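Undergrad: Sequence:
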Amino acid sequence: MTRTLVGRLPCRSVIGCVSAAALVFALAGCGEGPYLPLGDPLPRAVATGLSADGRLQYFAPLCPGEQVTSVQVLDYATHRVLWEASKPVKSIREGGRITVGASEEFEQVKVPLVSPLPDSLGLELSFSRRVTGVQASRRAISSDMAGSDTVLTDLGEKMKEADFRARTVQEVC
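Numbering (the working numbering), first residue to last: 88 to 260.
Misleading hints may appear alongside valid ones.
As the list claims (entries may be wrong) - Pairs of lysine-lysine, DSBU-like flavour, derived with a Cα cap of 30 Å:
hint	residue 1	residue 2
1	K247	K174
2	K247	K177
3	K197	K177
4	K245	K177
It is worth saying that the hints were derived from the structure and are not from the lab. All figures in this text were calculated on a predicted structure; none of them were measured in a lab.
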């Protein structure tokens with residue numbers, strides 16, 4: 088007996104149909120692009136902080152083998168791209184804090200930062216096989232965090248950067 092699967096793929100048994108379905112789903116996750124591979128948790132935790140000079144910073148702890156490939160900052164209200172860069176230096180590629188507008192941390196800058204940042208931002212990080220982001224409010228990040236090892240988590244908690252990284256890696260990787 089021959090069964091058919093999505094798109095009329097012939098299957099000679101239930102096991103064949105299940106195998107064909109698994110193949111279709113696996114192939115859907117191949118190639119480059121902003122998609123989430125099967126089993127990837129959503130969303131990836133992103134933290135924000137301030138550099139010593141008060142500029143906005145953000146990062147997402149990485150799992151083994153992951154690297155940051157590009158960044159984008161958007162005006163959350165208008166979705167206008169305010170800053171976009173790719174091909175980060177090694178420290179950023181490996182999960183370091185990204186200072187918004189610090190184009191020297193990247194080999195390619197598609198959109199340089201030319202205007203002051205609005206209060207509500209969309210921050211997006213691209214990895215080799217996924218994209219993650221967070222909405223951030225500049226007002227939520229207190230000035231006493233500038234230059235410190237304290238970050239504001241995606242859940243609005245203040246915590247030490249090392250603790251945030253460790254918790255995220257434990258929960259995600």
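Undergrad: Taken at face value, is the distance from the CA of K177 to the CA of K197 at most 30 Å?
TA: 19 Å, holds
Undergrad: Is K247 within 30 Å of K177, Cα to Cα?
TA: Between K247 and K177 the Cα gap is close to 23 Å, so the pair holds against 30 Å.
Undergrad: Hey, K247 versus K174, does the alpha-carbon distance stay inside 30 Å?
TA: 28 Å, holds
Undergrad: Please work out if K245 and K177 have their alpha carbons no farther apart than 30 Å.
TA: With a Cα-Cα distance of about 27 Å, the restraint between K245 and K177 holds, given a limit of 30 Å.
When each numbered hint is compared with the structure, no violation occurs for any of them.
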